[in-house]
Amino acid sequence: MSRLVVQNSRLVDPASGLDAMGSLEVDDGVIVSVSTGPAKRAPGGTTLLDAGGLVLAPGLIDMRVFTGEPGHEYRETLASAGEAAAAGGVTSFLLMPDTLPVIDDGALVDFLIRRAKATARVNVLPAAAISRGLKGEEITEFGLLKEAGAVCFSDGRQSIQSARLMRAAMSYAANFDMPIVHHLAERSLAGDGVMHEGAFASVLGLKGIPAEAETIPLSRDLQLAALTGARYHAAQLSSAHSIELMSHAKRRSAKISCGVSINNLSLNENDVGGYRTFFKLSPPLRSEDDRQALIAGLNDGTIDVIHSDHDPQDSEVKRQPFAEASDGAIGLETLLAAALRLVHSGEVELLTLLRAMTQRPAEILGLEAGRLAVGAPADFILVDLDYPWQAREKDFRSRSHNSSFEGARLAGKVMATYVAGEKVFAHAEGEGA
Amino acid sequence: MAESSPESTEEIRPRGAWPRFSKKHLLGIAELNAFEIVDLIDRAEAMVPVSRQERKSLPTLSGKTQINLFFENSTRTQGSFEIAGKRLGAQVMNMSVKTSSVAKGETLIDTAATLNAMRPDVIVVRHSASGAVHLLAQKVGCSVINAGDGTHEHPTQALLDALTIRRHKGRLNSLTVAICGDIAHSRVARSNLLLLGALQIRTRVIAPRTLLPAGIESMASEVFTDMREGLRDADVVMMLRLQHERAAGRMIPSTREYYRFYGLDAEKLSFAKPDVIVMHPGPMNRGVEIDPAIADGPRSVITDQVEMGVAVRMAVLDALLAEKNEQNA
Chain A
1 MSRLVVQNSR
11 LVDPASGLDA
21 MGSLEVDDGV
31 IVSVSTGPAK
41 RAPGGTTLLD
51 AGGLVLAPGL
61 IDMRVFTGEP
71 GHEYRETLAS
81 AGEAAAAGGV
91 TSFLLMPDTL
101 PVIDDGALVD
111 FLIRRAKATA
121 RVNVLPAAAI
131 SRGLKGEEIT
141 EFGLLKEAGA
151 VCFSDGRQSI
161 QSARLMRAAM
171 SYAANFDMPI
181 VHHLAERSLA
191 GDGVMHEGAF
201 ASVLGLKGIP
211 AEAETIPLSR
221 DLQLAALTGA
231 RYHAAQLSSA
241 HSIELMSHAK
251 RRSAKISCGV
261 SINNLSLNEN
271 DVGGYRTFFK
281 LSPPLRSEDD
291 RQALIAGLND
301 GTIDVIHSDH
311 DPQDSEVKRQ
321 PFAEASDGAI
331 GLETLLAAAL
341 RLVHSGEVEL
351 LTLLRAMTQR
361 PAEILGLEAG
371 RLAVGAPADF
381 ILVDLDYPWQ
391 AREKDFRSRS
401 HNSSFEGARL
411 AGKVMATYVA
421 GEKVFAHAEG
431 EGA
Chain B
1001 MAESSPESTE
1011 EIRPRGAWPR
1021 FSKKHLLGIA
1031 ELNAFEIVDL
1041 IDRAEAMVPV
1051 SRQERKSLPT
1061 LSGKTQINLF
1071 FENSTRTQGS
1081 FEIAGKRLGA
1091 QVMNMSVKTS
1101 SVAKGETLID
1111 TAATLNAMRP
1121 DVIVVRHSAS
1131 GAVHLLAQKV
1141 GCSVINAGDG
1151 THEHPTQALL
1161 DALTIRRHKG
1171 RLNSLTVAIC
1181 GDIAHSRVAR
1191 SNLLLLGALQ
1201 IRTRVIAPRT
1211 LLPAGIESMA
1221 SEVFTDMREG
1231 LRDADVVMML
1241 RLQHERAAGR
1251 MIPSTREYYR
1261 FYGLDAEKLS
1271 FAKPDVIVMH
1281 PGPMNRGVEI
1291 DPAIADGPRS
1301 VITDQVEMGV
1311 AVRMAVLDAL
1321 LAEKNEQNA
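Sequence lines, in order, name chains A and B.
In terms of our numbering, the first sequence opens at residue 1 and continues consecutively.
In terms of our numbering, the second sequence opens at residue 1001 and continues consecutively.
Worth flagging that the hints you see were computed from the coordinates, not collected in a lab.
Honestly, I wouldn't trust all of these hints.
Now the in silico label distances, taken between C-beta atoms and shown as ranges [said to hold, decoys possible]:
no.	chain 1	residue 1	chain 2	residue 2	range
1	A	E137	B	N1094	45 to 51 Å
2	B	N1094	A	G71	36 to 42 Å
3	B	A1117	A	A107	48 to 54 Å
4	A	G273	B	Q1053	42 to 48 Å
5	A	A254	B	R1260	53 to 59 Å
6	A	G273	B	E1245	29 to 35 Å
7	B	S1096	A	G273	29 to 35 Å
8	A	E138	B	R1250	29 to 35 Å
9	B	A1117	A	R164	52 to 58 Å
10	B	K1023	A	L100	44 to 50 Å
11	A	G133	B	A1293	54 to 60 Å
12	A	L227	B	D1233	56 to 62 Å
13	A	G274	B	D1226	32 to 38 Å
Yeah, the Cβ is synthetic: ideal placement off N, Cα and C, and Gly gets one too.
Just chain A, with the same shape it has in the complex (with noise of 0.2 Å):
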């Protein structure tokens, strides 16, 4: 593999801190020297790339993704996913377990890895289910999952009832070193809610989701992490109550952490507006109030991940009544879009928001990925900040379109991403124009 030297970036590193002018060097796929000021000469045989003075930053880490294969391939394969991907910006992502057949074996974990390599275009790291078939009752068998390729463990968009399960899943991950990544939602409490509970959705006639269903699965979990020893990350939090527990429980514990879903972070539950499914999602779109303080816990620390719960689900499924329609919506594509509208906003640092795509989800995993540090994989982003363009349905490479930010004008894409030093995508002038 040929030598690449990107000159005359704005090369941004939250893992370094570093934001200044200059070069990346890649050889054989592996970063092997981040230089700052004026461009060195190249040695021959080095492919030469003038950055144009673009952002250079880590390729994201998406935390949270859906897709349909096995099973549901109409709706998004880890081939359509992975070009998704690449066009958002996300080299590597954390691939949910929900699929037919569930991703509780160590043989499908085997079988998602080599359908990743041979098909998509970015990394595809599986979860695997904490309990069989996600059914919430028996543990799966970790060591196995784990030394088939796991880096996780996670029930997916199912929530675990049992306080005794939940113990047990900590207490033996731990004996792995593996982290539990958990969606929280107790099951009797969100009943058949839809969204989020309050005066709305009392007006639209929607059954609510009391911040309380998150809140107390949250503190339970917190109690057996601490209990365990174990690593455990709430995979999305949705309200400021969830905030104020997280940091009570982060200064006696650095094992713990959580995530926030981009739509929680940038929608609130105003944009159910006329019973709008694409904005059906699981944890709710909360209250202005609540979204103001995810801003805040992403800023002070509390929230350490921010990923695009990215999941594909198809017009049928959709085009429902409100309370009948699946969650869930696509985001790979919008994702840092999405994310910059609180960067142009003044609400949060550029720095802050990419730490919380690339460092904090490497971290966690235990990556090598998401930093500009010599010997780390060449996974990087070429970024325009400020380019306007529209999020529009014929333009989205994810095989389903439940998008909620369709129609969205939005500032900055990426214009190149690579992966392991190759160019996986390349923006296309007119593209969202």
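Put chain B on the given structure of chain A with help from the hints.
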């Protein structure tokens, strides 16, 4: 009661007497302003004599097709819409769709597309999911009337309730209306609160906390959990049906406890004004939310509501459809 009752159909709805009704659909009270609400009530008032004549018909919808698409069973609402359509000369088709067969494959959108291809002029829809009627209205070319969607809205019920109140009280202003019962799961309560709120009428809701929706304070003028306090000096009491199969043990401990604290009996009603009227959208659970002696007693206007229901539905069908004809003519 002052009742303007012209005898001939010509006088009832003189052509062009009403300003054109600007809406294509009637999906909810939330989409109407105070003028449109009063306009529909006035139109309904004028329809009342039609049903009291020997020849109960107006030709205004002749040649039009009305489909009653009911995903939930409702004998009385469906019947009311059917009679209303027929009295205006429309061809009325009733379609009851069992939810199970829809769940098995055909989506609401498929059903809408199929019906739309039959070129109806209006579809009257009832569905168990809030917002389902709005979704359907986006997918068809004709007018759509919401005959109840989930726990969201039931606009013709609120209009007929308002008409009933106005005919008994002679006015809609300076009244106190108390709505009592399962507010959380009631589309009737929501539509009534919206309508009364739009007309700036003082509203009270009375229910145990478990049957009040979140944010109710922003929907009603006053919220009571004590029925006697809530009924004090009320001009109108609207009782709601308790879905006791669903509520018992989950939101209330038992129907007998519910009746003790929230059932309307003579003693509790004595706190209201002496000329109070008692309403109920039906079907009633006698002995659960209302004492039979009250339901069938002198203060009850429940059967009047049923009669006004036909008038309101005639007026709504007429407002949405008849004038389009004149426009084209």
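Checklist entry - Per the hint of 42 to 48 Å, is the separation of the Cβ atoms of G273 of chain A and Q1053 of chain B within bounds? => result The hint (42 to 48 Å, Cβ to Cβ) holds, given that G273 of chain A and Q1053 of chain B are roughly 45 Å apart.
Checklist entry - Given a hinted range of 53 to 59 Å, is it respected by the beta-carbon distance of A254 of chain A and R1260 of chain B? => result holds, 56 Å
Checklist entry - Are L227 of chain A and D1233 of chain B spaced within 56 to 62 Å by their CB atoms? => result Hint holds: Cβ distance 58 Å, inside 56 to 62 Å.
Next on the checklist: Between the beta carbons of A1117 of chain B and R164 of chain A, is the distance compatible with 52 to 58 Å?
Outcome noted: Taking Cβ atoms as reference, A1117 of chain B and R164 of chain A lie about 56 Å apart, which means the hint holds.
Item to check | Outcome of range test on Cβ distance (A1117 of chain B, A107 of chain A; 48 to 54 Å) | outcome: Given a distance of about 49 Å, which is inside 48 to 54 Å, the answer is holds.
Next on the checklist: Is 29 to 35 Å respected by the C-beta to C-beta distance linking G273 of chain A and E1245 of chain B?
Outcome noted: holds, 33 Å
Checklist entry - S1096 of chain B and G273 of chain A, beta-carbon distance inside 29 to 35 Å? => result holds, 31 Å
Checklist entry - Is 32 to 38 Å a correct range for the gap between the Cβ atoms of G274 of chain A and D1226 of chain B? => result Roughly 36 Å apart at Cβ, these two residues keep to the hinted range, so it holds.
Checklist entry - Would you say the C-beta atoms of G133 of chain A and A1293 of chain B sit inside 54 to 60 Å of each other? => result Roughly 57 Å apart at Cβ, these two residues keep to the hinted range, so it holds.
Checklist entry - Falls inside 45 to 51 Å, the C-beta gap from E137 of chain A to N1094 of chain B? => result holds, 47 Å
Next on the checklist: The hint says 29 to 35 Å between E138 of chain A and R1250 of chain B; measuring C-beta to C-beta, is that right?
Outcome noted: holds, 30 Å
Checklist entry - Does the hinted range 36 to 42 Å hold for N1094 of chain B and G71 of chain A at CB? => result For G71 of chain A against N1094 of chain B, whose Cβ atoms are near 41 Å apart, the range 36 to 42 Å holds.
Of the numbered hints stated above, none is contradicted by the structure.
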